[in-house]
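Student: Could you build the full structure based on these sequences and the hints that come with them?
The listed protein sequences correspond, in order, to chains S and A.
If you're matching positions, the first sequence starts at 1 in our numbering and goes up one per residue.
If you're matching positions, the second sequence starts at 1001 in our numbering and goes up one per residue.
Hint data in this document are derived by calculation from the structure and do not stem from the laboratory.
Hints should not be assumed to be uniformly reliable.
Have a look at the derived ranges for each label pair, beta carbon to beta carbon [said to hold, decoys possible]:
1) A/Thr1021 - S/Pro41: 17 to 27 Å
2) A/Phe1042 - S/Gly347: 17 to 27 Å
3) S/Thr68 - A/Ile1018: 39 to 49 Å
4) S/Ala342 - A/Ala1046: 37 to 47 Å
5) A/Phe1042 - S/Pro3: 25 to 35 Å
6) A/Ala1034 - S/Val544: 26 to 36 Å
7) A/Phe1035 - S/Phe518: 36 to 46 Å
8) S/Leu223 - A/Thr1021: 52 to 62 Å
9) A/Ala1046 - S/Arg394: 38 to 48 Å
10) S/Arg360 - A/Ala1034: 47 to 57 Å
11) S/Tyr22 - A/Thr1021: 37 to 47 Å
12) A/Thr1021 - S/Ala14: 14 to 24 Å
13) A/Tyr1041 - S/Pro3: 43 to 53 Å
14) S/Thr152 - A/Thr1021: 51 to 61 Å
Covered by chain S, according to a simulated footprint, are these stretches of chain A (three or more residues, beta-carbon under 8 Å) [what the hints assert, rightly or not]:
15) 1017–1028
16) 1039–1045
Which chain S residues stay away from chain A? Per the calculated CB distances, all over 10 Å, these [claimed, not checked]:
17) Ile125
18) Arg268
19) Thr384
20) Leu537
Heads up, the beta-carbon is just placed ideally off N, CA and C, and yes, glycines get one too.
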Amino acid sequence: MRPLDWAVMFTWLAFIVSYGLYRGRGSSTMNKYLLAGKTMPWYAMGLSIMATQASAITFISTTGQSYTDGMRFVQFYFGLPIAMVILCATAVPIFHRANVYTAYEYLEQRFDSKTRSLVSVIFLIQRGLAAGLSLYAPAVVLSVVLGWSDRTTTILMGVLIMAYISFGGIKAVTWADVQQMFLILCGLVLAMVLAVHLLPGNVSFRDAVSLAGAAGRLNAVTLHFDWNDRYNIWSGLIGGMFLALAYFGCDQSQVQRYLTGKSVTHSRLSLLLNAMAKIPMQFFILFIGAMVFVFFIFEQPPVLFQPVELRNVQQSAQFPEVERRYQHAFEDRRTAADQYLAAEHAGDSAARQASMQRYRSAQQELNDAHTAGERLVGKEFDDTNYIFLSFVTRYLPVGVVGLLVAVIFSAAMSSTSGEINSLAAVTVIDIYRRHVKPDASDRHYLVASRMATVFWGCFAMGFAQYGKNFGALIQAVNVIGSLFYGGLLGVFVLAFFFRGVGANGAFFGVIAGEAAIFAANLFTNISFLWYNVIGCLVVVLVGVAVSRMFDRTPGGHVLDLGNAADGS
Amino acid sequence: MSGAPHKTPHPIDEPPPILGTWRRFYLVVLVYLAFLILLFYFFTRAFDS
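Tutor: Set out below in structure tokens:
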């Protein structure tokens, strides 16, 4: 990074904190602090929800994933619009009518206090760990690029986030997210334009797409069904729908956003904006990764994209052999790519087939040489997260590098700020006010909310500080959402659609659902996307059965939903 | 529960700003999803050789 890049990055960070503080002013009651006084317009909520999802590690990994595995990851989002429609017709009007601060508060109205507390604690564990990871994972990557220690990066991000959300609450989070989403979109367009612009003069955009396709990088839809395969159309539509239902319907970090809406209409529109914009946005990010892949067909990539590990392995005695093999495969692939394009332009299908064969075998050899380079690191190591940043920092012009690093900071901050704010809401509303101090003043709970925000911010920074020592735990945290979401989704399905189910059914249903998910995780190879389906089904089946046996007054707290769920 | 966040009930049945009913709005979103999947499918067929 050059001085202009640093200036761009720090200017943006200073702007976002100042803007968050400015827009969050006047959050002087608990209602304003946690729900923005229910004044938010649909577009602000919608962009904020999108910014929260566009976490930094997703942003960095998604382009890298497309580079190595193609675009099939986009199928992961196919179930999201269906989930949004279901939630708009059910959860949004129900939560608004229940007049609650948190989704779990509604569970006490519907079932009882023990179910609410159980689900709140599950959320705090899951989201607390995820908030730490949201800081830790991008900090590790950014630290390498910026030349800082992990500690410096996590503390900088954590302190900046707490600076505006502890004062301005959800209003500061939402309006800062709108600006961050705007920057993220600008950064994406800029990255795409430059990735294509940097291709050699004789390679057109059509040629680039053709080369990406020939290397299997444009596999956006896979019809083949496989339980163990994360990304095909079926796991995307069914598993992705359940995951989105759980995330947007039961996770307070999302529910809190649309509870801030001026009306049910504004909340619905914010989710439907997401339903329509999310898939094209993910497709666009993946397509950038595919174009970066084509760029590196003509510009030799390093054996490893992670610069620190690359310097380390260069000392290894085996490195020269790996590098020679890598260089040879690169040159072979480049020659085959040129031949492939020449055959395409000439319309010679036989030459096209022959060059494609050579191109693919050279690609395989390059992949093998890269894997051999990764093995030299001598520890579990994934180079994927460094591909896009390596491209940005080595090839993009001064100023743009600072802007794109600021985009990644923004993505990390928008994800973590929403998580911390929702953790504070559940801690104060569902635990502190419900079980510790039920009759204090609004002012008291406002102060408690601010303190809880600072506590969760420090917790996330603390987790991030020691993240590298957890090793395998980090892998576990990656799928932690799916370990818990199935149980959460199941209890809300019982609440919304099974009026005959009472408190005991819901409580033991959640426990059984969680047991089933952990069993699937420990004893089977089923992809994590299916855990939500399994967990939800077990909660419903056990919940109905237990309720029939033990709930004497099933549905005693059922809300009168009226026509809330008819969607019309 | 005391301290409810908002005392004014929100209109649940307010229609969407366009298309008249929410049912139609949802249908448009689902048709749009089907269109995207088809588009991506043909994109894959065309380029992922």
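Student: Against this structure, judge whether each hint is valid.
Tutor: Going through the hints against the structure:
1. Between A/Thr1021 and S/Pro41 the beta carbons are some 22 Å apart, a value that agrees with the proposed interval 17 to 27 Å.
2. At roughly 22 Å, the beta carbons of A/Phe1042 and S/Gly347 sit within the given window of 17 to 27 Å.
3. For the pair S/Thr68 and A/Ile1018, the beta carbons lie near 42 Å from each other, so the given range of 39 to 49 Å is met.
4. At roughly 21 Å, the beta-carbon separation of S/Ala342 and A/Ala1046 lies outside the given 37 to 47 Å, and the hint is violated.
5. Restraint check, A/Phe1042 to S/Pro3: a C-beta distance of roughly 47 Å breaks the suggested window 25 to 35 Å.
6. Distance hint check for A/Ala1034 and S/Val544: the Cβ-Cβ separation is about 33 Å, which falls inside the suggested range of 26 to 36 Å.
7. Between A/Phe1035 and S/Phe518 the beta carbon distance is about 39 Å. The supplied range of 36 to 46 Å therefore holds.
8. A hinted range of 52 to 62 Å for the beta carbons of S/Leu223 and A/Thr1021 is inconsistent with their spacing of about 34 Å.
9. Roughly 32 Å separates the CB atoms of A/Ala1046 and S/Arg394, a value that falls outside the hinted 38 to 48 Å.
10. The beta-carbon spacing between S/Arg360 and A/Ala1034, approximately 33 Å, falls outside the hinted interval of 47 to 57 Å.
11. For S/Tyr22 and A/Thr1021, the hinted distance range of 37 to 47 Å is satisfied, since their beta carbons lie about 39 Å from each other.
12. Roughly 46 Å separates the CB atoms of A/Thr1021 and S/Ala14, a value that falls outside the hinted 14 to 24 Å.
13. For A/Tyr1041 and S/Pro3, the hinted distance range of 43 to 53 Å is satisfied, since their beta carbons lie about 48 Å from each other.
14. S/Thr152 and A/Thr1021 have their C-beta atoms about 54 Å apart, which keeps the hinted 51 to 61 Å range intact.
15. Residues of the stretch 1017–1028 of chain A with a Cβ under 8 Å from some Cβ of chain S number 6, which satisfies the need for three, so the listed coverage holds.
16. With 4 residues bearing a CB less than 8 Å from a CB of chain S, the stretch 1039–1045 of chain A meets the requirement of three and the coverage assertion stands.
17. With a least CB separation of 24 Å from chain A, S/Ile125 remains clear of the 10 Å interface cut-off, as annotated.
18. For S/Arg268, the shortest C-beta to C-beta distance to chain A comes to about 7 Å, within the 10 Å cut-off, and the non-interface label is violated.
19. No Cβ of chain A comes within 10 Å of the Cβ of S/Thr384; the nearest lies about 20 Å off, and the non-interface call holds.
20. Here S/Leu537 stays apart from chain A, with its beta-carbon at least about 23 Å from theirs, past the 10 Å limit.
Checked against the numbered hints above, the structure breaks hints 4, 5, 8, 9, 10, 12 and 18 and satisfies the rest.
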